[in-house]
Amino acid sequence: LAKTTQPISMDSYEGQEVNITCSHNNIATNDYITWYQQFPSQGPRFIIQGYKTKVTNEVASLFIPADRKSSTLSLPRVSLSDTAVYYCLVGPYNFNKFYFGSGTKLNVKP
Amino acid sequence: GAVVSQHPSRVICKSGTSVKIECRSLDFQATTMFWYRQFPKQSLMLMATSNEGSKATYEQGVEKDKFLINHASLTLSTLTVTSAHPEDSSFYICSARDPRQGKETQYFGPGTRLLVL
Chain E
1 LAKTTQPISM DSYEGQEVNI TCSHNNIATN DYITWYQQFP SQGPRFIIQG YKTKVTNEVA
61 SLFIPADRKS STLSLPRVSL SDTAVYYCLV GPYNFNKFYF GSGTKLNVKP
Chain X
1001 GAVVSQHPSR VICKSGTSVK IECRSLDFQA TTMFWYRQFP KQSLMLMATS NEGSKATYEQ
1061 GVEKDKFLIN HASLTLSTLT VTSAHPEDSS FYICSARDPR QGKETQYFGP GTRLLVL
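For the record, the sequence lines run as chains E and X.
Counting from 1, one number per residue, gives the positions in the first sequence under my numbering.
Counting from 1001, one number per residue, gives the positions in the second sequence under my numbering.
If we strip away everything but chain X, and leave its shape as in the complex, we get (with noise of 0.2 Å):
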């Protein structure tokens, strides 16, 4: 099946520093993108939908200039947590659609732990 990529798969960082967090489609293009957010023995919450060329759509509470989508690419979305604290640290998923398989709904990426010290 159709396969999404992150990277990093973890990652540590200080208060107040930046991390980008890659989604990749490995094998389709996908004009639209999601990234979701998971806390510990938590559901994952949707955070904002990524498109492609055009300026993401961020869920109510989630913060747009905190949590920055670029979408450069029909194969690549960005998600940069910007002066990032520690209740910012989570698991954070980003799912895509492939547009080629008809019912067969999103893949999900595997995931990148984010820990801010």
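Excised from the complex, chain E in its bound form (with noise of 0.2 Å):
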């Protein structure tokens, strides 16, 4: 599976517009993107998936340029509810194993 490199950590405000990046540049022609939420204590949560352009759904978007080799989850108006960590993964179609990366830690603030 490709790997992927995600910030750390993220800082915003309340009702911010939120861009997480996350870069994949081994990304193979059949690679789906994922992006799932964690909360402290919970299971991961799924976001969304994509795999070229642009996906939009009712909690998030998700930008995918022509090669692919990034992507970059959008989180509209961020509430303090969103503070969680977000990770980015990337593998094929139907693929059943999850090697999640570091995630990227959002920390939003009043």
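If you're looking for bench data, these hints aren't it; they were derived computationally from the structure.
Take these hints with a grain of salt, some might be off.
[Said to hold, decoys possible] In silico DSSO-like pairs for lysine-lysine, Cα to Cα no more than 30 Å straight-line:
| hint | chain 1 | residue 1 | chain 2 | residue 2 |
| --- | --- | --- | --- | --- |
| 1 | E | 105 | X | 1055 |
| 2 | X | 1066 | E | 97 |
| 3 | X | 1041 | E | 69 |
| 4 | E | 69 | E | 3 |
[To be verified] Computed footprint of chain E on chain X; a stretch qualifies when at least three of its residues, placed anywhere within it, have a C-beta under 8 Å from a C-beta of chain E:
| hint | region |
| --- | --- |
| 5 | 1062-1076 |
| 6 | 1106-1113 |
[As the list claims (entries may be wrong)] Among chain X residues calculated to face chain E with C-beta under 8 Å, some are:
| hint | residue |
| --- | --- |
| 7 | 1039 |
| 8 | 1091 |
| 9 | 1093 |
For clarity, every value in this text was computed on a predicted model and none was experimentally measured.
Quick reminder that beta carbons are idealized off the backbone N, C-alpha and C, glycines included.
Could you fit the two chains together into a complex? Lean on the hints.
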């Protein structure tokens, strides 16, 4: 599976848009990009998944440039409850094994 | 969405005892489930793949005789930490893929906090 690199931590304020970028330089042609959110003492929760260009759902947007060597998770108007660790994972469409990287700890301040 | 449960949510045991953790897929059948371990302030580490009706597949460095995995049905996988020691204290999380969801990827359980005294 493609290795991913994310910032260790980010700070933001309530109401701001937060963009978390993930680098995956050796992403394969059949790899998808998936983002998970994890709160302390809870299992990860699926946020969004995409292959190319832009994907949007009710909680986030995922931007993937043409070369697919990076991706950006965009969280609109964050609140204190968005404080969590966000993980970027890359793997084939039907991949099951998840090898988690360090993730990005997002701290939303009032 | 699909739901994966774990039981117990937390357990405290004495060193040398064995602890069993259950992982259930509540509204779908999972031929494959996965077990992770997470130490404080660290990322999740994949321990093993649980295969229904066959032996589990362990990641490199994970002792299969210490972490026994049984996937006896399509909705239940169990992880038994045998002869637990304080260094086994951790947060154990399972996951499973809902085959009905297409590319909706995996669902994780809420985790089990194990403390070995």
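Are there three or more residues in the region 1062-1076 of chain X whose C-beta lies closer than 8 Å to some C-beta of chain E? Violated - the region 1062-1076 of chain X has 0 residues with a Cβ nearer than 8 Å to chain E, which falls short of three.
Taking 8 Å as the limit, does the beta-carbon of residue 1039(X) come near enough to a beta-carbon in chain E? violated (12 Å)
For the pair supplied as a hint, residue 105(E) and residue 1055(X), confirm whether the alpha-carbon distance does not exceed 30 Å. Violated, because 36 Å separates the two Cα atoms, which is more than 30 Å.
Within a Cα-Cα threshold of 30 Å, do residue 1066(X) and residue 97(E) meet the stated pairing? OK: residue 1066(X) and residue 97(E) at ~21 Å, within 30 Å.
With a cut-off of 8 Å, does the beta carbon of residue 1091(X) approach a beta carbon of chain E closely enough for the hint to hold? holds (7 Å)
Hinted pair, alpha-carbon criterion (30 Å max): residue 69(E), residue 3(E). Please report holds or violated. OK: residue 69(E) and residue 3(E) at ~11 Å, within 30 Å.
Under a C-beta cut-off of less than 8 Å, do 3 or more residues of the region 1106-1113 of chain X approach chain E closely enough to confirm the stated coverage? holds (count 7)
Using 8 Å as the Cβ threshold, decide whether residue 1093(X) counts as touching chain E. This interface hint holds because 5 Å falls under the 8 Å limit.
Are residue 1041(X) and residue 69(E) close enough, with their CA atoms no more than 30 Å apart? Satisfied, since the Cα-Cα distance of roughly 27 Å is no more than 30 Å.
Going down the numbered hints, you'll see the structure goes against 1, 5 and 7, while the others check out.
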